[in-house]
Amino acid sequence: MDIVERRITDVVVVAPVGPIDHPNAQDLERALAPVLARDATGTSALVLDFGSVGYVSSMGLRVLMVAAKALRARGGRIAVAALQPVVAEIFDIARFGHVLEVFPTVDDALAALAPSASATPGAAT
Amino acid sequence: MKLVRFWGTRGSLPVALTAQDVRAKVTAALRGASGRAFASEDDLIAYVAGLGPEITGTFGGHTSCVEIETGGPEYVICDLGSGVRPFGQRALARHGPASPQTYHVFMSHVHWDHIMGFPFFTPAYIPGNRIRIYGVHERLEDALRRQHGAPSFPVDFAALGADIEFVRLEAGKTREIAGLAVTPMLQRHAGDSYGYRFAADGKALVYSTDSEHALVDLEETRRFVDFFHDADLVIFDAMYSLADAISVKADWGHSSNIVGVELCQMAGARELCLFHHEPAHDDWAIVRVLTEARRFEEISRKGRPLRVTAAYDGMEIAL
Chain R
1163 MDIVERRITD
1173 VVVVAPVGPI
1183 DHPNAQDLER
1193 ALAPVLARDA
1203 TGTSALVLDF
1213 GSVGYVSSMG
1223 LRVLMVAAKA
1233 LRARGGRIAV
1243 AALQPVVAEI
1253 FDIARFGHVL
1263 EVFPTVDDAL
1273 AALAPSASAT
1283 PGAAT
Chain P
9 MKLVRFWGTR
19 GSLPVALTAQ
29 DVRAKVTAAL
39 RGASGRAFAS
49 EDDLIAYVAG
59 LGPEITGTFG
69 GHTSCVEIET
79 GGPEYVICDL
89 GSGVRPFGQR
99 ALARHGPASP
109 QTYHVFMSHV
119 HWDHIMGFPF
129 FTPAYIPGNR
139 IRIYGVHERL
149 EDALRRQHGA
159 PSFPVDFAAL
169 GADIEFVRLE
179 AGKTREIAGL
189 AVTPMLQRHA
199 GDSYGYRFAA
209 DGKALVYSTD
219 SEHALVDLEE
229 TRRFVDFFHD
239 ADLVIFDAMY
249 SLADAISVKA
259 DWGHSSNIVG
269 VELCQMAGAR
279 ELCLFHHEPA
289 HDDWAIVRVL
299 TEARRFEEIS
309 RKGRPLRVTA
319 AYDGMEIAL
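Order-wise, the sequence lines are chains R and P. Residues 1163 to 1287, numbered by the numbering used here, are exactly what the first sequence covers, in order. Residues 9 to 327, numbered by the numbering used here, are exactly what the second sequence covers, in order.
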């Protein structure tokens, strides 16, 4: 699957493209591994831009949970943004809204997780 | 195989409806009837029939016990949770105490909620009855004996009048028992649990409770897809939400409605029955889990539709 990554100050925004299902959940896990492996001063927060994700399976959700645990263990934060309606439904069914911060847009996520990053010109492009 | 009948569907601990629960159901029914006029008894009956199961029914509170009607003369059940007490009472009512019967019991594992009904299984006390208890666990017999005697229970196991025999099975090895081809499979659960695939007459049934799916690799998923392959019915542990199952309740040994739908869809199973309900859930909560499972099935469907149900005490599913 295609995964676009960009950095805005100390926030990494990762934008997967396409469904995150059993065959390709490991692609996302591999893409997130370097972000999660960085030391605490490198990355304070991870925003997953799900604007181009049309479906997520249990294995995809597990990848998010693993990322959340890893980031939180070092004091970082994680958020998911711009859920498509079907993916928002899946989040509700899985009760993922209880364990991950979910925002309507990437701008909203950046504003909440790293206000300085959201003030950066072009941050939400 | 003709039919599956659920005698106990609750996970971990028996529960009972409270007076508060009953009042909530009556209140919901009356609220729905507000402003309506029922011209006849039939109108009233039709109104009640249109109410949801959370109002007119209950999922019940006995722990795991599921009967398989094979079409043969011998009884087959899975697990000895508290549901085995009403199962035994019904068998006695049908045959009377003077008509010996054979009972085949397949044990998923020996945690308390899956064995607690045996001291109250009346046929075990009656000479002439034959009880064969099958399982993969090495300590299966020990687990049942030690709960059946002082200081836990007033009657010692040795006082049971029935002819009781324990039969060790091997995971992955199929045995012919009571006209069924029975295959146990190892599952992820503290102390191990085993699912069973029963096949006969061109039908297949899977009983898979107390089974956690850690979603760590595709190989584990493939093993379960193979085990569930083309099953007519999969009885599946859906105790937790997915989020709970892989976070705060990881390693607690249970699964979710979402994973049940996914595995059954990949396996081409025809029906998924949600089982081992969370004891903290009232009927409304279980209906919500069922409704959401059905919606997730629609969202994720790629092939033929998967029927999704939620087991309740007394429910029957024809095979």
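Please keep in mind that the hints were generated in silico from the structure rather than gathered at the bench. Glycine is no exception: its CB is placed at the ideal position from the N, C-alpha and C atoms. Any given hint could be a false lead.
[What the hints assert, rightly or not] Quick list of in silico lysine to aspartate or glutamate cross-link-like pairs, EDC-like style, CA-CA up to 16 Å:
(1) K10(P) / E279(P)
(2) K1231(R) / D252(P)
(3) K257(P) / E286(P)
(4) K310(P) / D1183(R)
(5) K211(P) / E286(P)
(6) K1231(R) / E1263(R)
[As the list claims (entries may be wrong)] Cβ pair distances, simulated, as ranges:
(7) A1273(R) / L52(P): 53 to 59 Å
(8) S1214(R) / W120(P): 46 to 52 Å
(9) A1273(R) / A57(P): 49 to 55 Å
Violated hints, by number in ascending order, as checked against the structure: Number 5 only.
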